[in-house]
Amino acid sequence: MIRSEPPALLTGSFSQASLLRLYHRFRALDRNKKGYLSRMDLQQIGALAVNPLGERIIDSFFPDGNLRLDFPGFVRVLAHFRPIDDEDPGIRDPKEPEPLNSRMNKLRFAFQLYDLDRDGKISRHEMLQVLRLMVGVQVTEEQLESIADRTVQEADEDGDGAVSFLEFTKSLEKMDIEQKMSIRILK
Amino acid sequence: MEGAELAGKILSTWLTLVICLILLPSAFGVSLGISEMYMKLLVKTLEWATIRIEKGVSKESVLKNSASVGIIQRDESPMEKGLSGLRGRDFELSDVFYFSKKGLEAIVEDEVTQRFSSEELVSWNLLTRTNVNFHYISLRLTMVWVLGVIVRYCVLLPLSLKNWLSELVHLTCCRICVRALSGTIHYHNKQYRPQKGGICVANHTSPIDVLILTTDGCYAMVGQVHGGLMGIIQRAMVKACPHVWFERSEMKDRHLVTKRLKEHIADKKKLPILIFPEGTCINNTSVMMFKKGSFEIGGTIHPVAIKYNPQFGDAFWNSSKYNMVSYLLRMMTSWAIVCDVWYMPPMTREEGEDAVQFANRVKSAIAVQGGLTELPWDGGLKRAKVKDTFKEEQQKNYSKMIVGNGSL
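Here the protein sequences line up with chains G and C, keeping their order. Residue numbering for the first sequence is 1 to 187, as defined by full-length UniProt numbering. Residue numbering for the second sequence is 1 to 408, as defined by full-length UniProt numbering.
Don't take every hint at face value.
As the list claims (entries may be wrong) - Pairs of lysine-lysine, DSSO-like flavour, derived with a Cα cap of 30 Å:
(1) C:Lys307 <-> G:Lys34
(2) G:Lys121 <-> C:Lys101
(3) G:Lys121 <-> C:Lys396
(4) G:Lys170 <-> C:Lys400
(5) C:Lys262 <-> C:Lys307
(6) G:Lys121 <-> C:Lys262
(7) G:Lys170 <-> C:Lys101
None of these hints come from the bench; they were simulated from the model.
Please build the complete structure, drawing on both the sequences and the hints.
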């Protein structure tokens, strides 16, 4: 069922105008007018297909083995990338769940790009896998392993040989996450 | 009875009017200046309408205005800056942020998918509203087009092989069709018009491209044999000028195609071949990768750039959305088609240049001339997945950064 307006329940994350834009984009990507997106629809985006982390990014839209991406799911992932300064933190009701674009949630999004098996830790093996995606065939296995080892060692505090989410956030304390993981939709 | 007589009289006077005003001048290539007046009127009306609309701004037109610019704020800095600003630094956990941000940006908006939706107009152009004039003009246009088709069939089909006569009739019919579409075409650099025995190469926006080019000269067409309406038109055209048609199965055999084309251009008496190397319609703002097949044939290439003025009508044909007939109807009922055609000096393949480089050179020349942006993406990307070479580029850049400095 294709509606010409986005479903109402999503107001509260993006502005109405932005939601409309995203809805048009969703419809444009849905080439066969199925009403949902498949992995193939996202893979057809040229700039995404050549992105070294393209497959991982697509994975984040299809969690738990889902095969269909509906519009709320689409917005949920994109909401992680809303700039943080868009809302005034003083007004937010502390009882409500943390907004998707908070610093924590942005970091969580990045973390799950690494943590394939969702066990809450980035193992050395998972680190190697992501590195391999980003460098392709340009770097030898030994060089890559030493990079992975060094990175895990630097971040690993409790010595379990893997990087937990807290260790991850700690090592990125000083990083300007807001700027690096934000996409601003023009008014 | 009176009513019928009156209707009959009106019809006959109208018919005579049509014939005098359109057929005769077309045959002699003389313009009565009506088209120019019509254009001026259109421009004035559109400007007035735009101002009116801008005064009473609605949400939709606001969105449309900014959508044509791009909906997200982009940071176009190269990979090095995006990652940290220092060259030769080591891998960090945060490097994924750069790639994931670029990936998400692509999901929200990317160049290729944008190219394939109709170019959004900043000034709203009345096509979505109706008024009395609109209906009247569309009826007139349809009648003229039908007349043109009839003339074409009745005159072209029983034609004998007198070359000059057939060229004249051919040109006349084309001009009629163009009038039917209320087209105004400006030809530039006519001295470079493709000569016999050459290959004419142009960028492709709509099937009307063919019409526009043939109005100014006779070409031999290369293409598939189509069924349906296109097939009938094709057969009619073959009688006028000798074309090169292929069955679909023959098209798959590239060598066969190349051989036949080579034969055609070797014969200096034959008309220049018209080829659109892009292979699919692009929406008038960019020139996609030219397929190299056309450039392997050899011979002289005469590039032609075609650019439509989008203010007057959207000539773009999205073949996966509209079929031929509905597209033609849309074209009939647009206000007008205005376009510019630039003929360019002939180019030949240079020493040590392979077909791909030659194709790119011609593509750049056409893009520059027509004021279109060049895109490296293959037009077939619309329907197919992309090659891995582009991904390798990014991977190479990244690897150079984290490994190249010898810190390991």
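Straight-line alpha-carbon gap Lys170 (chain G) to Lys101 (chain C), limit 30 Å: Within the cut-off at roughly 21 Å; holds.
Can you confirm whether the C-alpha distance between Lys307 (chain C) and Lys34 (chain G) stays at or below 30 Å? violated (35 Å)
Pairwise hint evaluation, Lys307 (chain C) against Lys262 (chain C), where the allowed Cα distance is 30 Å at most: holds (29 Å)
For a C-alpha distance cap of 30 Å, please report whether Lys121 (chain G) and Lys262 (chain C) respect it. violated (64 Å)
Are the Cα atoms of Lys170 (chain G) and Lys400 (chain C) separated by 30 Å or less? At roughly 28 Å apart (the allowed maximum being 30 Å), Lys400 (chain C) and Lys170 (chain G) satisfy the hint.
When you check the alpha-carbon spacing of Lys121 (chain G) and Lys101 (chain C), does it fall within 30 Å? At roughly 22 Å apart (the allowed maximum being 30 Å), Lys101 (chain C) and Lys121 (chain G) satisfy the hint.
Mind checking the alpha carbons of Lys121 (chain G) and Lys396 (chain C) for me, to see if they're no more than 30 Å apart? Answer holds: Lys121 (chain G) to Lys396 (chain C) is near 28 Å, not above 30 Å.
The structure fails hints 1, 6 (numbered hints given earlier, in ascending order).
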